[in-house]
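K.L.:
Given chain S's structure and the hints, the job is docking chain Z onto it.
Number of protein chains: 2
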Amino acid sequence: MDGMKKSALDYSRKKKIEIRILAQMRTKDDLALAYTPGIAEVCRTIINDESLMYEFTARRNMVAVISDGSAVLGLGDIGHKASYPVMEGKSMLFKRFGNVDAIPLIIGTKDVEEFVETVKNISDSFAAINLEDISAPRCFEIERRLREVCSIPVFHDDQHGTAIVVLAALLNALKLSGKGKDVKIVINGAGSAGIAIANLSNRYGFTDMIICDSRGIIHRGREDLNPYKKEILSYANKNNISGDLKTALKGADVFIGVSKGGIVTANDIKTMNKKPIIFAMANPIPEIMPHDALKGGAFIVGTGRSDLPNQINNALAFPGLFRGVIDARARAIDDEMKIEAAKAIVDYHRNSLSKDMILPQILDEKVHRFIAERVRRLILSKHK
Amino acid sequence: MDGMKKSALDYSRKKKIEIRILAQMRTKDDLALAYTPGIAEVCRTIINDESLMYEFTARRNMVAVISDGSAVLGLGDIGHKASYPVMEGKSMLFKRFGNVDAIPLIIGTKDVEEFVETVKNISDSFAAINLEDISAPRCFEIERRLREVCSIPVFHDDQHGTAIVVLAALLNALKLSGKGKDVKIVINGAGSAGIAIANLSNRYGFTDMIICDSRGIIHRGREDLNPYKKEILSYANKNNISGDLKTALKGADVFIGVSKGGIVTANDIKTMNKKPIIFAMANPIPEIMPHDALKGGAFIVGTGRSDLPNQINNALAFPGLFRGVIDARARAIDDEMKIEAAKAIVDYHRNSLSKDMILPQILDEKVHRFIAERVRRLILSKHK
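From first to last, the protein sequence lines stand for chains S and Z.
Each residue of the first sequence is one higher than the one before, counting from 3 in our numbering.
Each residue of the second sequence is one higher than the one before, counting from 3 in our numbering.
Simulated from the structure, these hints should not be mistaken for laboratory data.
It is possible that some hints are incorrect.
Where chains are identical, the list cannot tell them apart; a pair therefore holds if satisfied intra-copy or between any two copies.
Lysine-lysine pairs mimicking DSSO-like chemistry, simulated, CA-CA at most 30 Å apart [unchecked claim]:
#1 Lys8 - Lys181
#2 Lys240 - Lys384
#3 Lys297 - Lys186
#4 Lys30 - Lys357
#5 Lys240 - Lys277
#6 Lys252 - Lys17
#7 Lys252 - Lys384
#8 Lys16 - Lys368
Chain S with its partners taken away, still in its complex shape (with noise of 0.2 Å):
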């Protein structure tokens, strides 16, 4: 067994979540607090008024982060079973950097209709739901249901969380570049996350977009495409090119990856514009390693990975926004509460900003807190 297997099989024996009584419960009277006769009084209240569920139960911090297992990291379809360690290890990040109380959820069914079912009605019992490793397009379908018939927050992390870092890290390397919204994207992959990536970025400001996926460069001509890669064609290869990822590469700023390991050569690269951006996000083999891009002219290369420099990770920013949408008690999380995310992100960064950290640590507790505080007052100036 090599050492990564042997540590994270050695970690995950060991209980890794609990939960946690905070109330006292030592004597007959706590007991009658806690439970009947007195909590009928609470039951009571929450008749009255179902908003109170917020003020008196466990709801108000509660998310479930849920998968069918059906797209789970590099892995693929396994199953829901094998896709429950993922959630649970979402759900100690949700509580580690956001002080959210998460619970792994996972779903015996691949039927959409059953899907948005079992979870619309069990909504009831959370303040936001996380979807997760949910395949494309399914996904799309599902979390626009979910949203619909829901009363809380629904977010499909794979789609927003990942959208949300990559627009951060594209503020802050255009900045260090001195480009601006004029710049030419190119995005590899139109799973869940390339078509999130495309369309916050879109809603952000930037206009020429390129997309591909496995066929190339996704364009009108094209017969093969779903809704949702369609839709995107709305804003985006205005010029309506086809052709190749090579020839969408050329004269492009900015790559950004989210498809599969090894696919873009530094040659590739050399065909950019000047002092191209490189984020190379697929995992656990990037898109191009980083020092075949510095050959190639890279001007910043970020990946998904730790141990790498740049790392564009997820977890930069759901923990936060969900803290700051839970404060506020939106029902929702709309593009502007995302694109505030990002923003934050590069507040928070302004002074460390460089080329080997475009990102701040996923490690440092501060920036998650003043995510959630510009999320938090963002839903609050709009309700007054």
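P.N.:
Leaving out everything else, chain Z in the frame of chain S:
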């Protein structure tokens, strides 16, 4: 606001439960084990052997406390949201007395089909499921169907937890009164608790039983019986007596009330056999108050209330039972395990038994561990 209400709301206004991280999460290396890339190794391990979820994930000790809010305490059908505080309180009891990590889950549908499908779909997230406060007779069908489709124990505590503790109380009361299995038992109330008490007592070996519902004695001539009430006639009311509760009580040794307050009088008790045993468990007002029961000649009186002697409460059974069942990884909870739990309570209390203390205290932590160990051993002995 009265004192109890104020205390109860104050108690619940503060956070009562949270998720706690037990693993180390201080360094980048920790994060690499808690989440990507390390967690992928745990996923791979489970792909190869799903049972390893119990070795490597929080599922091993996670229980869902689930309700649709259709029959909550004495409050009735108050909706799922208003039932949440009870589920949260129950989760606290699970942790406090059984070291079981339980989470409150409320289901936003009253449709049996949809409820079953929802719970089935999330069941692989848990080591066991505790159903709670679901109205009869729906609760019987829901539990039966979930037991069929889930690979983990599904336990409706209002039925079986109550039945276990009543059986333990009954065995102890009979010890004190010097009576045996041939006693005549009258159960008033044929909802979830009444029917489960009848079934488990019969399974234990009591054969002389009459069950009453709000329309009087359940007998073969009645045409208004649901299937569950009909089923108990396979062993109960052998002489096919008809009439009201008063008729039933004449000459009876034991009265078990799971119905409503104030419907039994001292004079009724005078018509019972000598040394009558009275368990008047309606909440918050018992079928007869203890001082009235004693006036009528009751030998032993128990109620559901913590402020009166001889409280008969599920919380004495479910924490230890679940602990034992989870530790032994039983796939279901059967009657033998329930009877073992009742017998464990009796054995534990052997040297402390008195008319004013027919059961151990819920706050006595050792009784829960004793039950757990006895149940665990029973299950493991059967697998040999």
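K.L.:
Against which earlier hints does the structure fall short, listed by number upward?
P.N.:
1, 2, 6 and 7
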